[in-house]
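In terms of UniProt numbering, the sequence shown opens at residue 1 and continues consecutively.
What the hints contain is simulated information worked out from the structure, not anything from laboratory work. All C-beta atoms, glycine included, are put in the ideal place defined by N, C-alpha and C. Don't take every hint at face value.
To be verified - Derived PhoX-like pairs: lysine-lysine, alpha-carbon spacing no greater than 20 Å straight-line:
hint, residue 1, residue 2
1, Lys330, Lys341
2, Lys405, Lys372
3, Lys138, Lys160
4, Lys73, Lys330
5, Lys138, Lys168
6, Lys19, Lys351
7, Lys113, Lys343
8, Lys416, Lys138
9, Lys14, Lys73
10, Lys250, Lys351
11, Lys250, Lys19
12, Lys351, Lys247
13, Lys250, Lys14
14, Lys332, Lys73
15, Lys372, Lys247
16, Lys341, Lys113
Stated by the list, open to error - So the derived label-pair ranges between C-beta atoms look like this:
hint, residue 1, residue 2, range
17, Ile92, His69, 16 to 24 Å
18, Glu192, Asp406, 18 to 26 Å
19, Leu363, Thr448, 47 to 55 Å
20, Arg498, Tyr523, 22 to 30 Å
21, Met505, Phe474, 51 to 59 Å
22, Ser187, Asn21, 48 to 56 Å
23, Gln462, Cys512, 50 to 58 Å
24, Phe347, Asp406, 44 to 52 Å
25, His403, Ile92, 45 to 53 Å
26, Gly183, Thr31, 49 to 57 Å
27, Asn391, Phe347, 21 to 29 Å
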Amino acid sequence: ADMGQKDPLQIDRKFAIEKINNSSSLLLNVTLGYEIYNTCSVSANMYATLSILAQSRQHHVEVLSNFTHYQPKAVALIGPDSSQFILITAAILSILLMPEISYEASNEVLSLKHAYPSFLHTIPSDRLQVEAVVLLLKEFRWNWIAMVDSDDAFGRNGIKTLQAVVAKNDICAAYQGIIPTKGGASSPELKEMVRVLTRTGVKVTVVFSNVDSAKDFSDMVVQENVTEKVYIPGIHRIGTVIGLSVKQAKLPGLEEFESTHVNSEKSNIATCAPDLGVDGRGGGSSSNESTSQGCNQIYIWTSFNVYSAVFAVAHGMHHLLGCCSGACSKDKVHPWQLLEKIKQVNFTLQKSQVHFDGSGDPLTGYDLVIWKWTGQTWSFDVIGSFRQNPNRLNIGQAGLLWHTKDNQVPVSTCSKVCVKGEKRLQVGLHECCFDCVAYLYNCQPCGTDQWAPVRSEICFNQTTEFLHNGPNLFIGACTAAQVVMCLVLLSTNPSVPRKDYTTFMMLIIFQCSEDDAIGGLLYNTLLGICCFVISYMGKDLSENYNETKCITCSLLINFVCFIDVNPELHHEEELGLSPRAGEQGHLGVYMGWVGGGPSQLLICALSLPIWGKRV
1 ADMGQKDPLQ
11 IDRKFAIEKI
21 NNSSSLLLNV
31 TLGYEIYNTC
41 SVSANMYATL
51 SILAQSRQHH
61 VEVLSNFTHY
71 QPKAVALIGP
81 DSSQFILITA
91 AILSILLMPE
101 ISYEASNEVL
111 SLKHAYPSFL
121 HTIPSDRLQV
131 EAVVLLLKEF
141 RWNWIAMVDS
151 DDAFGRNGIK
161 TLQAVVAKND
171 ICAAYQGIIP
181 TKGGASSPEL
191 KEMVRVLTRT
201 GVKVTVVFSN
211 VDSAKDFSDM
221 VVQENVTEKV
231 YIPGIHRIGT
241 VIGLSVKQAK
251 LPGLEEFEST
261 HVNSEKSNIA
271 TCAPDLGVDG
281 RGGGSSSNES
291 TSQGCNQIYI
301 WTSFNVYSAV
311 FAVAHGMHHL
321 LGCCSGACSK
331 DKVHPWQLLE
341 KIKQVNFTLQ
351 KSQVHFDGSG
361 DPLTGYDLVI
371 WKWTGQTWSF
381 DVIGSFRQNP
391 NRLNIGQAGL
401 LWHTKDNQVP
411 VSTCSKVCVK
421 GEKRLQVGLH
431 ECCFDCVAYL
441 YNCQPCGTDQ
451 WAPVRSEICF
461 NQTTEFLHNG
471 PNLFIGACTA
481 AQVVMCLVLL
491 STNPSVPRKD
501 YTTFMMLIIF
511 QCSEDDAIGG
521 LLYNTLLGIC
531 CFVISYMGKD
541 LSENYNETKC
551 ITCSLLINFV
561 CFIDVNPELH
571 HEEELGLSPR
581 AGEQGHLGVY
591 MGWVGGGPSQ
601 LLICALSLPI
611 WGKRV
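Using the sequences provided together with the hints, build the complete structure.
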């Protein structure tokens with residue numbers, strides 16, 4: 001069964017069926033029959049649906065608990081072309097699991113298999129069309145757009161889906177309007193809508209509309225002389241119009257078949273009604289001269305969808321009847337059996353692959369077309385394509401006609417792009433409107449020990465700086481520690497006076513008790529080495545650094561004096577040298593202060609208490 005309005009597409013359906021019946025490889029010895037219903041209204045659509053479900057020679061549908069063996073008048077349905085009508089037919093036909101294939105209804109709700117298990121279509125869903133539009137917007141970096149839709153299911157669902165997708169791709173809608181259904185192109189509401197659209201400053205408008213509303217919108221845009229814009233899918237003579245067309249394939253013999261039947265059915269197609277149903281596609285015209293040509297172009301876009309839908313049913317029937325063996329079975333065919341086979345079809349038709357995914361959607365894409373006007377006639381050129389799995393857009397920008405100065409690509413952004421070293425500061429409600437301030441947008445913060453100057457993209461390591469009072473504090477602490485050590489040594493091993501009777505026969509030497517000189521020497525040596533090493537830590541020495549000589553000389557004098565004093569204290573004969581040793585010790589102190597700097601002063605300060613004890 002075929003449901004649709006009386007239009008040239010009826011010829012395409014008949015052409016496809018005759019092709020199948022005359023084929024020598026498809027449905028051998030099986031002839032396909034058909035009935036065509038005109039669904040010009042909701043009531044006519046309901047009547048056609050129930051007529052299809054009725055059994056042969058009956059005018060009613062029996063209500064059964066099990067429709068497995070039920071034999072309706074038809075086993076498959078092609079159409080209708082309106083989503084509004086299909087939502088009714090698909091819900092009813094799903095009870096019997098009768099396959100229904102639409103060539104124009106693209107409402108994505110129809111892809112929900114739990115609600116419409118027997119529905120398929122040869123046109124991609126609105127969701128895929130929206131994704132193609134978004135890729136086109138991103139291709140030209142248009143993120144500040146307007147949305148216009150017709151007041152019907154196609155327009156509302158298309159804009160709703162578009163809003164959800166653009167929100168995830170940093171694209172903002174500056175304006176959204178609904179084309180009034182009353183008043184036509186002279187409607188005051190429509191005129192005000194176009195003026196508001198102009199004031200927004202957007203250069204790109206996305207239009208989801210049926211033909212009637214789109215024609216009214218385009219006529220008003222022409223009247224208001226709004227030409228330096230891009231319209232997607234758009235209509236004509238209002239700037240650059242880029243549209244998405246279902247991929248086409250040339251059907252050999254179709255033109256000859258149409259010319260044969262056009263005279264006999266001329267009364268049915270003499271005037272091309274602009275209303276293609278709620279989901280009407282394509283462009284219109286504001287002049288009567290171009291109306292016929294425009295409608296023919298629209299039907300050309302849909303012809304292959306109709307053709308492939310009929311062939312999908314035929315291929316499903318071919319496999320169900322076992323025709324691959326060379327002879328087709330004459331068994332009865334039930335709708336649910338045919339549905340399973342149609343879901344599995346995968347064939348090539350005029351170099352185009354025809355098969356369906358799990359949701360009943362075709363695995364096809366779109367042609368990207370641009371409208372061209374010459375006087376009162378119009379045509380279109382294919383400038384690119386959209387493919388899915390994965391979604392990708394191929395477009396040739398050479399030769400595109402932009403209605404702008406110097407034919408430059410229109411710029412449709414709310415704010416300029418921030419340069420490197422700047423970040424976005426949102427202004428208002430739209431994420432696409434922002435000011436650029438210093439600091440890189442979406443950059444990573446520097447580490448705790450790093451820093452970055454203004455507009456820098458690189459983090460630098462911070463330099464470690466020591467406090468200036470560090471050396472003085474350290475020297476004071478070490479000196480205090482040495483004093484404590486000396487006090488502890490004197491308290492544990494105090495120096496007491498004693499008389500020496502054995503050294504000289506005639507003299508009694510009155511002196512202090514002796515301690516371990518070797519321990520003092522090792523301790524003094526350790527302090528000297530530590531100070532020598534510390535004096536070079538953390539310094540970036542130059543090639544002509546001469547402080548080494550002073551430090552080394554001071555340390556040597558210190559050690560020589562200490563070594564020289566100890567033997568003198570143990571030789572009675574050398575008592576007269578003690579004053580000289582004291583002078584050398586003072587000399588070491590002096591050289592340490594002048595030559596060695598603050599670090600060498602520590603050596604002298606730590607060795608003086610030991611010197612004092614020995615004396």
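Here's how the hints hold up against the structure:
Restraint check for Lys330 and Lys341: satisfied, since their Cα atoms lie roughly 17 Å apart, inside the 20 Å limit. At most 20 Å may separate the alpha-carbon atoms for a hinted pair to count; Lys405 and Lys372 meet this at roughly 18 Å. The hinted pair formed by Lys138 and Lys160 meets the criterion: a straight-line CA distance of about 19 Å does not exceed 20 Å. Between Lys73 and Lys330, the direct Cα distance comes to roughly 17 Å. Compliance with the 20 Å bound is thereby established for this hinted pair.
With a CA separation close to 12 Å, the supplied pair Lys138 and Lys168 stays within the 20 Å bound. Between the alpha carbons of Lys19 and Lys351 the distance comes to roughly 17 Å, so the proposed pair stays at or under 20 Å and holds. A threshold of 20 Å between alpha carbons decides the hint, and for Lys113 with Lys343 the separation of about 12 Å falls inside it, so the pair holds. Using a Cα cut-off of 20 Å, the hinted pair Lys416 and Lys138 holds, with the two alpha carbons roughly 15 Å apart.
Straight-line distance between C-alpha atoms of Lys14 and Lys73 comes to about 19 Å, which keeps the hinted pair within the 20 Å bound. Straight-line distance between C-alpha atoms of Lys250 and Lys351 comes to about 9 Å, which keeps the hinted pair within the 20 Å bound. The hinted pair formed by Lys250 and Lys19 meets the criterion: a straight-line CA distance of about 15 Å does not exceed 20 Å. In summary, the hint linking Lys351 to Lys247 is supported, as the alpha carbons are separated by about 11 Å, within the 20 Å threshold.
Between Lys250 and Lys14 the alpha-carbon distance is near 17 Å, which keeps this suggested pair within the 20 Å criterion. Between Lys332 and Lys73 the alpha-carbon distance is near 12 Å, which keeps this suggested pair within the 20 Å criterion. A distance of roughly 19 Å separates the Cα atoms of Lys372 and Lys247; the hinted pair therefore holds under the 20 Å criterion. For the hint linking Lys341 to Lys113, the alpha-carbon distance of about 16 Å falls within 20 Å, and the restraint holds.
The hint said 16 to 24 Å for the Cβ distance between Ile92 and His69, and at roughly 19 Å that hint holds. Distance hint for Glu192 and Asp406: a CB-CB separation of about 33 Å, inconsistent with the stated range 18 to 26 Å. Look at Leu363 against Thr448: about 53 Å separates their beta carbons, and that is inside 47 to 55 Å. The beta-carbon spacing between Arg498 and Tyr523, approximately 24 Å, falls within the hinted interval of 22 to 30 Å.
Range check, Met505 to Phe474: about 53 Å between beta-carbon atoms, so the 51 to 59 Å window is met. A beta carbon spacing of about 49 Å between Ser187 and Asn21 agrees with the range 48 to 56 Å that was offered as a hint. Look at Gln462 against Cys512: about 56 Å separates their beta carbons, and that is inside 50 to 58 Å. Here the CB-CB span from Phe347 to Asp406 is close to 49 Å, well matched to the stated 44 to 52 Å.
Between His403 and Ile92 the beta carbons are some 48 Å apart, a value that agrees with the proposed interval 45 to 53 Å. At about 51 Å, the CB distance of Gly183 to Thr31 agrees with the hint of 49 to 57 Å. At about 24 Å, the CB distance of Asn391 to Phe347 agrees with the hint of 21 to 29 Å.
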